[in-house]
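Chains as they are written, first to last, in our numbering: chain D, 745 to 1032; chain E, 1354 to 1603; chain W, 156 to 477; chain U, 849 to 1279.
Treat the hints with care, as some may be off.
DSS-like cross-link-like pairs, simulated, lysine-lysine; straight-line CA separation at most 27 Å [what the hints assert, rightly or not]:
hint: 1; chain 1: W; residue 1: Lys310; chain 2: E; residue 2: Lys1471
hint: 2; chain 1: U; residue 1: Lys965; chain 2: U; residue 2: Lys932
hint: 3; chain 1: U; residue 1: Lys1159; chain 2: U; residue 2: Lys1220
hint: 4; chain 1: U; residue 1: Lys891; chain 2: U; residue 2: Lys932
hint: 5; chain 1: E; residue 1: Lys1510; chain 2: W; residue 2: Lys310
hint: 6; chain 1: W; residue 1: Lys310; chain 2: U; residue 2: Lys965
hint: 7; chain 1: E; residue 1: Lys1431; chain 2: W; residue 2: Lys338
hint: 8; chain 1: W; residue 1: Lys310; chain 2: U; residue 2: Lys932
hint: 9; chain 1: U; residue 1: Lys940; chain 2: U; residue 2: Lys930
hint: 10; chain 1: U; residue 1: Lys940; chain 2: U; residue 2: Lys990
hint: 11; chain 1: W; residue 1: Lys310; chain 2: U; residue 2: Lys1213
hint: 12; chain 1: E; residue 1: Lys1492; chain 2: W; residue 2: Lys338
hint: 13; chain 1: U; residue 1: Lys891; chain 2: U; residue 2: Lys1036
hint: 14; chain 1: U; residue 1: Lys990; chain 2: U; residue 2: Lys1159
hint: 15; chain 1: W; residue 1: Lys310; chain 2: U; residue 2: Lys990
Every beta carbon over 12 Å from chain W, so not counted as near; a handful from chain D, in silico [claimed, not checked]:
hint: 16; residue: Ile781
hint: 17; residue: Ser784
hint: 18; residue: Gly873
hint: 19; residue: Ser874
hint: 20; residue: Val895
hint: 21; residue: Glu924
hint: 22; residue: Val1022
Think of the hints as simulated: they come from the structure by calculation, not from any bench. Where is the CB? At the ideal position from N, CA and C, for every residue including glycine.
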Amino acid sequence: MSLEALIPSAIDGLMLGFVYGLAAMGLTLIFGVMRVINLSHGPVIALGMFVVYTLFTGPLGVNPYLGIVAALVIGLAFGVVEYFVALDRVINAPELTTLLATFSVNLMIIGIATSVFTTTPRAVDVSLGSVGIGNVTVLGTHAVAVLVAIVVAAGLYGLLFRTRVGKSIRAVANNRAAAELMGIDSRRMLALAFGIGTSLAMVSGALLSTLFPFNPLSGTGYEVKSFVIVVLGGLGNPTGALLGGIVIGLLEGVTTVFIPVSWVPVLEYVIFILILLVRPAGLLGARA
Amino acid sequence: MSVILSVQNVTVRFGGLVAVDAATFDVEQGTILGLIGPNGAGKTTLFNAINGVYNRHGGSIVFDGARISGLRPYDVAKRGIARAHQIVRPLNDLSVIANVTVGAAFGREDLSLGAARKVAEERLAWLGLADRAEVLAAKLNVAQKKRLELARALASKPRLLLADEVLAGLNPQEVGDMLGVFRQLRSQGVTVVMIEHLMHAVMNVSDRVVVLDYGKKIAEGSPQEVTNDPKVIEAYLGDPKLAARITEEG
Amino acid sequence: MKRMRVPFLPAIVALLAVLAAFPILTNNPSMREELFLVFMLVTLASSINIIMGYTGYVSFGHIVFFGLGGYFAFYLMQIQGWHFIPSLIVAAIPSAVIAALIGFPILRLRGAYFALATVGINEAMRVVFNNWDLFGGAVGMFFNFSVYTQYGGAKAASELAYYTMTVVAIATITVSYLIKRSKFGLALMAIREDQDVAMIVGIRPSRPKIAAYVISAVFPAMAGATFFFKNGIIEPGHAFELLRSIESLVMVVLGGIGTVAGPIVGAAAYEWLRGFLITNPALANFQLFLAGLLLLVTVLFVSSGLVGWLRERFPVLRGYVP
Amino acid sequence: MRPTRIVAIAIVGLVAAACGGTTTPQASGAPTAGGSAAPAVSKALNIGFTNSQTGAQQVASTKQTEGIKLWVDQVTKAGGIKLKDGTVLMPKVTFYDDGSATDRVQQLYTKLINDDKVDVLLSPYSSSLVKAAAVVSEQNGKVMITAGGADDATMEQGFTNIYQVYSPGSKYLTGAIDLMLKLDPSIKKVAIVNEKDSFSVSVVTAAKPYAESKGLQVVVNQGYDTGTTDFAPFINQIVAAAPDAIIGGGHLVDGTAFAKALKEKNVSARFVALLVAPPEPTFADIGDAANFTVGPSQWEIPVKYNEAAAKALNIPFYGITSDSFTSAYRAMFNSAPSYHSAGGFAAGLILQRALEDAGSTDPAKLRASLDKTDVMTFFGRTKFSTDAKTHGKQVAHDMVYIQWQKGSDGKLAAQVVWPTEAKTAEAQLRK
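Could you put together the complete structure from these sequences and hints?
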């Protein structure tokens, strides 16, 4: 145990928490709008990584941060397509059905990605230097990731609460039948929401590719983490997800100073289960 | 005749809203009590309080001499109170006979599966659903589902039936059949509390009528007395059609 | 009209017994291995079906009991030097107790919340065992090969494992059938359809739910004990493998959720399909993709599964195939 | 057409395709009639194994399989394995995809032995798969030469038919510690950070007491969950403890991430050695972060075990040289061999030699021959333990250590820095 590491660990955890939070926002948005737990979330995150990687290592050598924009657009399109292919028909079915529908997409993505990219580790070698104050070193890439996460989260907030489309999405989330009576095409809104959620996952994957090495299976770990965060922030609550991400990031950073790192996941899962039991609406949500 | 159900000062709150406000009335065994009132008067909520769905309420509910306030729905059911819902709730993926067997097997009598099935067959025959026994409940039409709802409630051989608008949506012929069922039940000594908007039916079959408005009991008495009560007519003024009907049909 | 009663249970038990005897009689060990896996998957799928198909709770991390049973039995055999059979039986007890303790709080959760909680529990267990030196930590536990001599050699030991898995699978199916035909099963299905209505008709849901969860935990625990006994090693990553959990759900859905026969058909079909994809050179690269595609098609168009679809198509089957 | 009908037809079609298509195993190197003018009896030598075409072990396993394929190709071109009695064995390999799953491995090895009637077995890749396969080959009394199952525990289960070509895991980092102390005897404090999985833990379990026996002080000793890529918590602890050296790692992605994080956070340790990841060519994806990282390897291209080296140890040299292996491999697969490729080829060589020596495919004779094997190949020295407790464990093979160094052209290259006889560059301390 070394308290010396406390501050830098807390800061590192906090910064990473924003990226976790971004991934979780996608998952929670989809759940909030259509009650679907998206099991293709992890592979989609990995796809985001490979969008950046492929553009970066390709003949054009696209800057990774431009690659993030590409991931945003591709994610949106991919999500809309996925919705119509895999979910539209079963959107009103019990959750097991949608769970398995998205899981089948998960299998397909991993199947194709591993045969195209193999499971060799890849990395996007991008460095933006670092700033050191005392024993705290803040990496440029991490700082930019935080910024992008904040911008994207703010963009989502603006979209949901300041635009007509956002209003429609929220209306569909609240009460699909009522929204339809008001003349909203709920199918289109559901597809759009799924697209936005997928896009968020891809962007977070794109950001992660600038931080850590990865392979097509790398999304799984982030998917499980997203579940924890989403429950922490309240299923269906995007703001909660961002905060939940920050809490988990901070928790990971701080607790590692006090307990062996390999036990940290146990703590995370215990918190996860306890929150489900005691406050299923999440730390921020109203008591259920 | 003895009082089988005594509702004393029952109050149910949802946050700041008082859905049922100190409702008080007694029901005598083997009678039919009509519970009427405009929409939102708290009738269904009162049913939920009686059978334990809302078991945190003020006041007390005594059934057959024992206090049942605070009991969970399954304990209330075991004591012989059955419920037919306003919005039918069939167990969709089970067959019609299985639905009714559930009622017989776990209600008051706690029968074995075989015995419960026999009871279920009887009840289905009684309610004219025998030929639909093996069909999935989801596949029934609305009128059949209403009868199924009632058959399931009656399968437990209840001592008190809480019937919530079981007549709504039925044609006159079907309404007549249902009223026949209620009368038969009364003759068997089963007590019935029915929530109903179909005034001529309530007035026709009820021994006594209780009127709720905004959660409060505003009148109680024989169908005759209630219809002539100015407070009742006033309460229904908010709903002119009903007011017209209550005076006409009464 | 009286329904015709067909002795489904004796028929299926006899069928499985004959099937199980086949590789032994014809001395075909690779068929034995294949059937060992099929019986294991039948056990897992049928068990999950009890809590998921009958009771309506999607237990996503159900493999946790497979892992726990495997670990407890392995501990008894490896550290305490017990024989396999008593280890298997005794290992089922703590697994059942843990299921009851877990089930009590989490079965109050509904829908997605329950599914997520089971994932959390499985992952937590995996990390705990990964760190717990008593059970070998990350390295896991492994037999010295000589332990198999007490069973008459490794070959005899793997035959013993095979017989045991057969018995466990038949026991699971029997219990699954008996539940489906019992008052207890009726309570579970009423809870599945509408828990509030179930309460109103007099069912106290917590007890049958916990009972169903415990029952659905015991058989995977025994399957885990048998699997890892035969395997000779147990590691946290293999004991608590979420993917295997999801695969079991897939088998149930493929075969027909909520039916007795569905998980059996689903497990056999899934295993056959996987074996085919994995040993077929032309498809090996696309096997995951094809598996996903097939699952999606099933989920979208044949949501009641193979058995469910047949029963809908030919209602006469309903009396024969529960 | 109703959708359900379309699906029904699709399923029927799939089923039909499945039934129609034969599940032929992937075979190569079947005996060819051409050139077999010899009077000798030509017999097929059936060799079986599984590999991981899918799942976590895909990359290394594929390389290992390529090594085996090259060996088969060379033996076939050379006219087969000639036994003393004049019989010629033509190798024919049968292999299936195990999907990196132990249950699949056991099922498929049983199939290989009973349906495909293989004479001898080679191994899948990775410790836990090898263990699962070993149980089956042991049950059936089939000899299995393993490559890519370095975990010590595998070979401490009392097997009698399993022979390990790789140096066991316990040697992966102990050699790195020797190298480190030779390079800079003033190193005192060492941090150990490793993946919490079977292989890495067993490596560290051997390395930690070894480090302490050399007077080193372990200042950080932490494990991380499989799949970890965020190493910030460890880095901060490492910075706080200020060790002179860092050893550990686990597999590919995590090891790469760890090295990247060490560089980004300007960790000043003078020596870093990580498992598995560094010898992989894509390790250079992380750029400057790869520089100076040391990694244990079973074999590297520049390593030149040869006749002379064998003579010095008074043991025979067998098979082709490193150079001809590498060029043949490049010619066949159009890529450079990794140590996994070499391991696969070496497993074939050791098997070939034992067959020639035993003059038969009979397991008992093969075992007798393998038990007394002490030979050098391009892969290094091979000798198996005959002790009952550790029977078949590799006791003579030496690890090779590579270090990524930036050349004068500014390009990163993996240089062999240990053992001294094979080095292509001097080991360097991190700067």
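Discussion item. Flag every earlier hint the structure violates by its number, smallest first.
Written reply: Result: hints 1, 5, 8, 13, 14, 16, 17 and 22 break, sorted rising.
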